[in-house]
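Undergrad: Residues per chain are reported as follows:
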Amino acid sequence: MSTVTLSERYRAEFDPNSQEFSLAGVIRPHSVDEIAATVTQLKQAIDAARGVLYINVKRLAQMNNTAFHAFARAFLDACRTRSDIRLVVVTSSVVGWTERMFRHLSNIEPQITVEVYDSKFYPGQTFVEDTSFIPILRTQTKMTWRHERTILPRHGMRAGIHMADICCGIGDFAVLVRKEFQPARIVALDHSKASLAYARDVATNFGITDIEYTFGDASEMLLEDNQFDLVTCRHSLQIFNQPDVLLKELYRICKPGGRVYITNEKNSHCLGEPRAQSIQWTYNEVAKLFAHFEMDVELGPKSRRYLADAGFEDIRVESFMVTNLDGDPQDFADIITAWENVYAGEMAVKRGDPPEFIERFRQGFRDHIFAALHPKGYAGWPIWAASGRKPL
Amino acid sequence: MAATEKESAKTAFEPLLQFEMEMGTFLSDWQHCDQLSTFMARMISHNRADPVRHSNFLSSALNELLEMSFRSGIPDGRLGCTVYRDGPTERVKLSFPCPSTQRQFYREAVSRTNNGSAYARYLDAIWTELAPSREVILLDLAINFDAEIRLEERPSPSITLVVDLPLEGIVN
Ligand SMILES: C[S@@+](CC[C@H](N)C(=O)[O-])C[C@H]1O[C@@H](n2cnc3c(N)ncnc32)[C@H](O)[C@@H]1O
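So the sequence lines, in the order shown, correspond to chains A and B.
Residue 321 is where the first sequence starts when you use our numbering, and the numbers rise one by one after that.
Residue 35 is where the second sequence starts when you use our numbering, and the numbers rise one by one after that.
It is worth saying that the hints were derived from the structure and are not from the lab.
Keep in mind that the hints are not guaranteed to be accurate.
Unchecked claim - Derived EDC-like pairs: lysine to aspartate or glutamate, alpha-carbon spacing no greater than 20 Å straight-line: (1) B:K127 with B:E186; (2) B:K127 with B:E202; (3) A:K363 with B:E202; (4) A:K513 with B:D120.
Please read these numbers as outputs of a predicted model, since none were measured by experiment.
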């Protein structure tokens, strides 16, 4: 019956603590009666609210006019009877039409406002969405790929699968995977418009038309449940202040029986010889610097716990070390230069570190480069690759 | 009518996808609107710059059109839908049975989507009506999806709505 199907496809929740009523999923009723219970729930939320009631529609993927009118009616009635409250509709920049539709309500009633929830997801957002990150990502992916191409098949990568690369950055990984493993479908999602534009350019230049680059928020994705055989998310859990929220989304879009594959670092374990001590000091500081911005670049070895807590089974964890001996040592050095620029040049400055600290901080990166380019030197960057299966 | 004049100017539309269905079958389950719009949107949007978001927009618009033909409720005849593309615009042609008595209604509703009072009428409808009328759905398409809508008149028991949706521009 259609009502059963409808109620399975959307969720309505009221959280009295945050005074937030949220609607998520697909709401396309035939008649208002099918959503009567939800409208009542909304009215009760309005009755209970003091001051401001937030209406969260960030994950409302679809809603027909029948539903829109019913909810709009409840909002507008509330404004008439409760001149003491304000309604703030929180939409997402990802689902464009919700903003367009709800905007009209604020033209009718000044008590209703619409806010587009966008950046500021977490404290470190501005650094990682910055275009100065692009060259880093480029070289990093080139170096990690040498290892990952042999690792990936152990984590569910194979020809013909449907896969999604979440937080895809500039999309190089998707391009490499497409060539090497020929999946049937690749969706690549990121929240940096600059990186996506770059990714699309690269794809166009290579005549690639079948990678679906999409703008989205990894913690509130528009993608439907249970769609992908493999969901990859590389170097990104570690930059969210709530990795568990992101992991829940990866779990949601993964098919039962499919796998979620994540890679993360433990920055304090970057190493080099000679000049080991200076290098080690700096990377310990890198971990603290990221922690200051609520990012955990020490997450790598915690992958097993995160995956287990998120409900995955058959968890596999392995680690590999990108080193100066993988191909051209200059590539390794280039990555470190890029790190120095962003970490010492931008993030430490933003934290307000004194010049003496920044100088010492920079020295460790320079020593790491020295080790990488030294004829007898060795420089390494360890990475943890882990995956878990979503239970059937 | 202003809308009819534009017809001859646009000729570059290429057909992408077409389906036909007995109205009786279509009307047997409300979920058909959702399923068809989701499926068609996904197929059509796959080679747009942002396929996921394009398909989300397109599905919204297609669903409203399909729901409108569903609510017309006439079980005899066929439902036909063809989607074309010209650059950033998708054109949806939707045909469904419509008794001659209702044609005038559609004519007027369509013409109101592109006159100056469209937005005022739309707001008024949200403000006063309990459930959206067919006219409001057309206004919604014109206002929220920047759709240009016209009617193709044919001597048949069906009516054909032609809806141009410049979604690629809106999405990106
Ligand atoms: C460290 S980079 C990793 C990129 C890529 N996976 C790689 O390994 O090269 C993190 C990426 O996450 C993206 N990102 C940050 N917040 C996001 C969010 N809320 N939703 C989607 N992507 C996000 C950033 O734009 C950036 O491209």
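Undergrad: For each hint, tell me whether it holds in the structure or not.
TA: Structure-based check of each hint:
{"no.": "1", "hint": "B:K127 with B:E186", "result": "holds (9 Å)"}
{"no.": "2", "hint": "B:K127 with B:E202", "result": "holds (18 Å)"}
{"no.": "3", "hint": "A:K363 with B:E202", "result": "violated (37 Å)"}
{"no.": "4", "hint": "A:K513 with B:D120", "result": "violated (25 Å)"}
Hints 3, 4 from the earlier list are contradicted by this structure; the remaining hints agree with it.
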